[in-house]
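Q: Sequence:
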Amino acid sequence: MDKAGNSTVLDFNTVKVICNTLENVVKRSFGPLGLQTLLCTDTGHLVVTNDGLTILESLHLSHPIAKLIVQSLSKTVHFTGDGSKTFILWLAKCVSDMEEEISLNSAQRMATSGLCCSGESKCRLQISRGLKTILPELLKGIVEYVWDRSAVCRCRKRKNQVISCSRRIIHTVFRPHFPQNVSNTFTDLLCKIVQFENNSDIKTFLQFFIDNIETLCIKVPNQPYTSSTLIESFVIQREFTVYCPQTLKGNVKFVLLRCLIGQLNTEKENNEKIRLTSSQVIGQFLQNQKKLVKDFICVCKQHEVTLVLSTEKVPDFIQAIFQASAISLVHFVLDEEAEFLETSLKIQPITNLFDCIEEQNIGLSKQCNALTIASRRCVHLNLPELPHMLLVCGLSDGLCKQVLLASIKALKTLLHYHQTEDLISIVTQGETTSQTGLTKVNHLCAADATEEKWEHSSDNKEKVETATTGCVSLCVCRNCVPGNGGFEFMAAKYCQERAKEMRTADVGLSTLLQIISKTLLIVPQTLHENSCGSQRDMVNFIAKQKSVFEKLDQMEKCGLKKDILTPVFDHNAEESLEPLSSKVHMFSTVIELLQQIVRVDSVVGVKSIHI
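Counting from 687, one number per residue, gives the positions in the sequence shown under our numbering.
A portion of the hints provided could be inaccurate.
[Unchecked claim] Label pairs and their computed distance ranges (CB to CB):
| no. | residue 1 | residue 2 | range |
| --- | --- | --- | --- |
| 1 | 894 | 699 | 43 to 49 Å |
| 2 | 877 | 818 | 40 to 46 Å |
| 3 | 969 | 894 | 46 to 52 Å |
| 4 | 1009 | 915 | 31 to 37 Å |
| 5 | 732 | 1021 | 26 to 32 Å |
[To be verified] Here are the simulated DSS-like pairs of lysine-lysine, each with C-alpha atoms no more than 27 Å apart in a straight line:
| no. | residue 1 | residue 2 |
| --- | --- | --- |
| 6 | 905 | 702 |
| 7 | 939 | 976 |
| 8 | 826 | 889 |
| 9 | 878 | 889 |
| 10 | 1204 | 753 |
Read the hints as simulated data drawn from the structure, not as lab findings.
For each residue, glycine too, the CB sits at the ideal point set by N, CA and C.
Using the sequences provided together with the hints, build the complete structure.
A: This is the structure:
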């Protein structure tokens, strides 16, 4: 790299080296049979993981381009839930092929004009403009191509089909990180948590659980994975300060205290200190506090409140008053748990003991009792309004965190499976009122949706019939594709066909499509290499690719019909599934990132750059 003042010239070969380095870091750990990586933190803790984003973020990369890539990857994965290694593999392969194309064109231009730098800059601009030109049509074409060639639910027993697909999507996320039995355990648990009543409720529930997963999951170290289980909400990770089981039978009313009780706040707003100078003053203060607490307890009894949850410490002499009044007490409740109860149950905390207790201050639990979780004493509230909590077991706290991370990824991926708005926008090119586009989106589900009645709700039947008549809706069964390279094979084949069609009209765009086609195939190729491990890996993969492409060509010759679909990839097989919207979003993000990187020719504000 050359320096000019405070600006450092960045050649595209450097970008290629960076991307290849990132690829080498994550490539061997890709897929269910990939290897693990041992991370050592600054504090000396050891973590064994194969999560791509965790590995790359732990490298603390200093190069600006590397930082840009990891930041883009982080935002994408936090949105889609999974796919960090796919992102890097696509990016590295595409950059490598583009660098070869740029070098070739630059050499040709230098031979004719003698200006190498000018030729490289023009070639990079052409690539960036070409990517921007083909992206909308490419996304639309890939989605339609994949839809027509992968098996879909025919909407007869849709509820069971959606549950089956959801289970396989969750298992697909867990399988690369954990053994088969552990993956099955957590797949079963997450499927039991999710409420499959209707599509809109699923999306709302999943978003709620993802936002509050740190509160709804309890880590239990020093236990095997398979000991993980579900428990009815809600568990407060504190033991009873005052426990009166005789008053906690049946429905239990409780309040949240978020103020000091029985203590003197010794600092005013102007930081002036308040001092109790004599035993008489101290005694008077304690008597006032006792009276205040007794008045509060009288109000609690009037409203039949038998449990008080306090976020602050409660002194011993106040605890004795609660004990004598047969009101149970839990103090030092975590702020996160208190806020969760407030927002989810829509109850208001008591911030001043002088305030009157009203209905909005009272929560209702069907049951309340002491609970012990791995020698840890807790308080268990039975709140039907809240989802079940997940007890995540592992041999160490770090392994519990890995399970929690995988659970978040699985739930985010499942959320994308139930969100079809992005696919509709791609197919209709943003024209949500396009009757033709929406009819094409839903045609495969139309016949069976109108012929078969839904098993569990007439309202859901009406929703699907509306989808088939042109409403901005899409049957969720369309938003899944076979894993293990199914999407990549079909998308690569589409890009090859488009490249042939555009060869005479625009050679530059045709070349870009060929590069993208090779880029997509790097995912199934890497999966094949990591699973086989023989010298004939590439030969076997080429044969596999040829077989899949021949099936796709055969479908073209036979013709695609709306009522008779011969899929290349059958969803009824016991295989992994991935949300199509996640794949398309990640592919789009990689292309958009490439548009930016290709145009970067200098870095300003950095004194020195080390690869």
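Q: The structure should be examined with respect to each hint, and the outcome stated for every one.
A: Now the hints, each set against the structure:
{"no.": "1", "hint": "894 with 699: 43 to 49 Å", "in the structure": "48 Å, holds"}
{"no.": "2", "hint": "877 with 818: 40 to 46 Å", "in the structure": "41 Å, holds"}
{"no.": "3", "hint": "969 with 894: 46 to 52 Å", "in the structure": "50 Å, holds"}
{"no.": "4", "hint": "1009 with 915: 31 to 37 Å", "in the structure": "33 Å, holds"}
{"no.": "5", "hint": "732 with 1021: 26 to 32 Å", "in the structure": "31 Å, holds"}
{"no.": "6", "hint": "905 with 702", "in the structure": "41 Å, violated"}
{"no.": "7", "hint": "939 with 976", "in the structure": "23 Å, holds"}
{"no.": "8", "hint": "826 with 889", "in the structure": "24 Å, holds"}
{"no.": "9", "hint": "878 with 889", "in the structure": "15 Å, holds"}
{"no.": "10", "hint": "1204 with 753", "in the structure": "26 Å, holds"}
The structure fails to meet hint 6 from the earlier list, while all remaining hints are met.
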